[in-house]
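Spelled out, the chains give:
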Amino acid sequence: MTTLTLSQTKPVDRPSVKEKYDHFIGGKWVAPSSGEYFDNISPIDGKAFTKAARGNKEDVEKAIDAAHVAFKTWSKTSAAERSRVLNKIADIIEENLEMLARLETVDNGKALRETRAADLPLCIDHFRYFAGVIRADESSISEHDEHTVSIALHEPLGVVAQIIPWNFPLLMATWKIAPALAAGCCTVVKPAEQTPTSLMVLMELIADVVPPGVINVVTGFGVEAGKPLATSKRVAKVAFTGETTTGRLIMQYASENLIPVTMELGGKSPNIFMKSVADADDEFFDKAVEGAVMFALNQGEVCTCPSRILVHEDIYDKFMERVIERTKAIKMGHPLAEDTMMGAQASNDQYEKILSYLDIGKQEGATILCGGESAGLNSGLETGYYVKPTIFKGNNKMRVFQEEIFGPVTCVTTFKTTEEAIEIANDTMYGLGAGLWSRDAHELYQVPRAIQAGRVWVNCYHAYPAHAPFGGYKKSGFGRENHLMMLDHYRQTKNMLISYSKEKLGFF
Amino acid sequence: METIKRVLISEEAKETVDILRKRFGSELMFHQSGGCCDGSSPMCFEKGDFKVGSQDIWMGEVYGCDFFMSADQFEYWEHTQLTLDITSGRGSSFSIEIPMGIRFIIRSKLFTDEELQNLNPIKTGEEYLAES
Numbered sequence: 001m002t003t004l005t006l007s008q009t010k011p012v013d014r015p016s017v018k019e020k021y022d023h024f025i026g027g028k029w030v031a032p033s034s035g036e037y038f039d040n041i042s043p044i045d046g047k048a049f050t051k052a053a054r055g056n057k058e059d060v061e062k063a064i065d066a067a068h069v070a071f072k073t074w075s076k077t078s079a080a081e082r083s084r085v086l087n088k089i090a091d092i093i094e095e096n097l098e099m100l101a102r103l104e105t106v107d108n109g110k111a112l113r114e115t116r117a118a119d120l121p122l123c124i125d126h127f128r129y130f131a132g133v134i135r136a137d138e139s140s141i142s143e144h145d146e147h148t149v150s151i152a153l154h155e156p157l158g159v160v161a162q163i164i165p166w167n168f169p170l171l172m173a174t175w176k177i178a179p180a181l182a183a184g185c186c187t188v189v190k191p192a193e194q195t196p197t198s199l200m201v202l203m204e205l206i207a208d209v210v211p212p213g214v215i216n217v218v219t220g221f222g223v224e225a226g227k228p229l230a231t232s233k234r235v236a237k238v239a240f241t242g243e244t245t246t247g248r249l250i251m252q253y254a255s256e257n258l259i260p261v262t263m264e265l266g267g268k269s270p271n272i273f274m275k276s277v278a279d280a281d282d283e284f285f286d287k288a289v290e291g292a293v294m295f296a297l298n299q300g301e302v303c304t305c306p307s308r309i310l311v312h313e314d315i316y317d318k319f320m321e322r323v324i325e326r327t328k329a330i331k332m333g334h335p336l337a338e339d340t341m342m343g344a345q346a347s348n349d350q351y352e353k354i355l356s357y358l359d360i361g362k363q364e365g366a367t368i369l370c371g372g373e374s375a376g377l378n379s380g381l382e383t384g385y386y387v388k389p390t391i392f393k394g395n396n397k398m399r400v401f402q403e404e405i406f407g408p409v410t411c412v413t414t415f416k417t418t419e420e421a422i423e424i425a426n427d428t429m430y431g432l433g434a435g436l437w438s439r440d441a442h443e444l445y446q447v448p449r450a451i452q453a454g455r456v457w458v459n460c461y462h463a464y465p466a467h468a469p470f471g472g473y474k475k476s477g478f479g480r481e482n483h484l485m486m487l488d489h490y491r492q493t494k495n496m497l498i499s500y501s502k503e504k505l506g507f508f
Numbered sequence: 001m002e003t004i005k006r007v008l009i010s011e012e013a014k015e016t017v018d019i020l021r022k023r024f025g026s027e028l029m030f031h032q033s034g035g036c037c038d039g040s041s042p043m044c045f046e047k048g049d050f051k052v053g054s055q056d057i058w059m060g061e062v063y064g065c066d067f068f069m070s071a072d073q074f075e076y077w078e079h080t081q082l083t084l085d086i087t088s089g090r091g092s093s094f095s096i097e098i099p100m101g102i103r104f105i106i107r108s109k110l111f112t113d114e115e116l117q118n119l120n121p122i123k124t125g126e127e128y129l130a131e132s
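Protein chains in written order, with UniProt numbering: chain B, 1 to 508; chain U, 1 to 132.
Hints are all accurate, no fakes.
Below, a sample of chain U positions facing chain B; criterion: calculated Cβ distance under 7 Å:
1) Gly34
2) Cys37
3) Gly39
4) Ser88
Capping the alpha-carbon separation at 25 Å, the derived lysine to aspartate or glutamate pairs in DMTMM-like fashion look like this:
5) B:Lys233 - U:Glu46
6) B:Lys57 - U:Glu27
7) U:Lys109 - B:Glu373
8) U:Lys47 - B:Glu256
9) B:Lys47 - U:Asp85
10) U:Lys14 - U:Asp49
11) B:Lys362 - U:Glu75
12) B:Lys397 - U:Glu114
13) B:Lys393 - B:Asp317
14) B:Lys474 - U:Glu75
15) B:Lys328 - B:Glu290
16) U:Lys123 - U:Glu75
17) B:Lys47 - B:Glu36
18) B:Lys397 - U:Glu78
19) B:Lys28 - B:Glu81
20) B:Lys362 - U:Asp113
21) B:Lys18 - B:Glu36
22) U:Lys109 - B:Asp427
23) B:Lys47 - U:Glu12
24) B:Lys504 - B:Glu143
25) U:Lys109 - B:Glu352
26) U:Lys47 - U:Glu15
27) B:Lys18 - B:Asp39
28) B:Lys397 - U:Glu75
29) B:Lys474 - U:Glu78
30) U:Lys5 - B:Glu352
31) U:Lys5 - U:Glu126
32) B:Lys397 - U:Glu115
Source of the hints: derived by calculation from the structure; they are not laboratory data. If you're wondering where the values come from, they're calculated on a predicted model, not measured in any experiment. Heads up, the beta-carbon is just placed ideally off N, CA and C, and yes, glycines get one too.
Sequences and hints are given; from them, build the entire structure.
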């Protein structure tokens with residue numbers, strides 16, 4: 001393994017954190033009933049930087065109690081007031097953006113330039129988006145005949161459970177909390193055990209602007225805190241982002257309580273580069289090259305990581321030469337250094353899993369075009385979790401083409417015809433994201449329609465604006481986040497069917 | 001001739017299974033996950049807590065624990081031998097070893113042509129349920 005000597009700007013200071021964080025329940029900081037806390041390890045150096053409360057069933061029950069009390073009021077709070085609260089949360093995140101961005105980097109390991117430019121600005125915008133949509137949202141009414149009127153009125157589901165992944169700790173919490181609050185629900189949130197701290201610091205900041213019990217956060221392990229939350233008969237819905245087995249397990253629990261769920265379960269996203277991409281070596285070609293290298297965004301720890309590059313065989317050499325060159329130029333280093341382009345994987349087990357996939361890829365005969373090993377960073381990062389951005393060349397039947405590695409690894413293969421590109425793209429269990437790059441106006445519409453995925457980026461990749469629905473086809477789950485349609489995943493419909501006629505039916 | 005197992009287990013993983021059996025007072029099972037975050041990792045549950053069905057494949061028993069995978073995922077995995085191992089780290093998910101600060105992990109190797117001719121038979125979820 002080669003060792004990379006770091007020459008880069010000095011890392012910025014870490015934000016100060018408390019020695020430990022309690023649960024946030026009913027607007028108060030509540031010590032775990034077990035009295036136990038667990039270390040939160042920063043992937044930067046593999047060392048603990050604070051502790052989180054080790055939640056259990058008793059803590060979860062307290063949080064659900066608090067949420068039910070709050071729901072009595074919050075469900076009747078005016079849309080104007082709910083909107084004001086969401087806007088206030090956004091303002092507070094904006095005022096504390098730099099501190100929260102640094103903290104998110106310490107908690108998760110991703111590069112500061114990403115938390116500054118993507119994670120935190122998106123949190124702010126998504127809260128503002130849902131603050132906005134509920135002011136314009138309306139229920140519907142229909143006149144069935146001159147005496148009969150049907151009113152279809154939205155009512156919030158109640159107290160909901162939201163289980164958050166570790167890859168974008170604050171942003172994924174925002175994607176779930178903002179629509180739930182907008183819809184009038186109260187929530188019990190369980191952050192991932194790898195990244196329990198940034199959300200707690202956000203709760204400290206917004207504790208005074210959110211009514212007690214509307215947002216409750218219980219930290220802890222899945223089996224000890226997540227399971228009692230997901231199995232509770234007192235929650236009206238479970239929202240989950242994660243993997244397929246836990247997704248199925250949560251749906252099993254939900255089936256016992258007959259409650260709805262929304263699931264976001266990952267993908268193996270194809271990024272398709274049509275022949276016309278290389279018609280000129282211009283600005284667009286350069287953009288397409290960057291589009292292929294987007295697999296390294298967030299160290300590849302994104303459900304929509306463009307982890308399969310499908311490129312037309314005629315442009316393979318010209319295109320991939322540039323993609324490899326651009327990938328090799330990715331600067332790895334201390335996640336808190338401003339010139340670091342790619343940081344650390346979120347945890348040691350994640351790091352080990354990625355390395356195990358590099359191994360199986362090699363065994364299956366995939367060719368390594370670049371990377372393929374641990375990054376071996378020094379200068380105090382020896383104990384952190386760094387993997388070189390890696391490109392494999394192989395075929396779509398290989399395990400590295402079919403399984404979500406959740407690391408900075410992409411696999412490239414070629415196609416001859418559009419039909420073949422579509423066939424390979426759809427030859428996967430998943431259907432979350434996809435990319436299509438072309439200069440051909442017909443392809444730009446027809447190919448995305450043929451791809452079985454909930455989000456197809458056309459001549460772009462990895463944009464997650466509010467106002468564009470995001471969610472899966474096939475085994476990638478269901479539900480559409482980031483859009484006003486998510487409100488309906490947190491509401492039910494009260495239909496009032498009203499007769500204004502004074503005449504009896506005459507039946508009895 | 002003895003058939004080739006599809007799933008093996010390391011000594012360290014055996015020790016963890018022993019500890020968990022004792023702690024939970026029950027038999028255990030594994031279901032290999034796919035998808036994001038902690039996907040592509042084996043999940044350990046108390047036996048029966050995860051309900052397997054017709055879309056699962058029983059890949060065999062490993063150290064007394066049934067090991068399953070969804071049928072569509074198995075299509076891409078069936079040519080590889082899996083070894084259940086342990087790594088330190090903080091996984092998320094409902095897998096029951098996580099509070100111990102460790103995580104089950106799968107290491108894989110390709111079956112040889114010879115081994116492929118002599119593999120332990122699998123069962124569909126329906127066959128497994130009918131027998132149990």
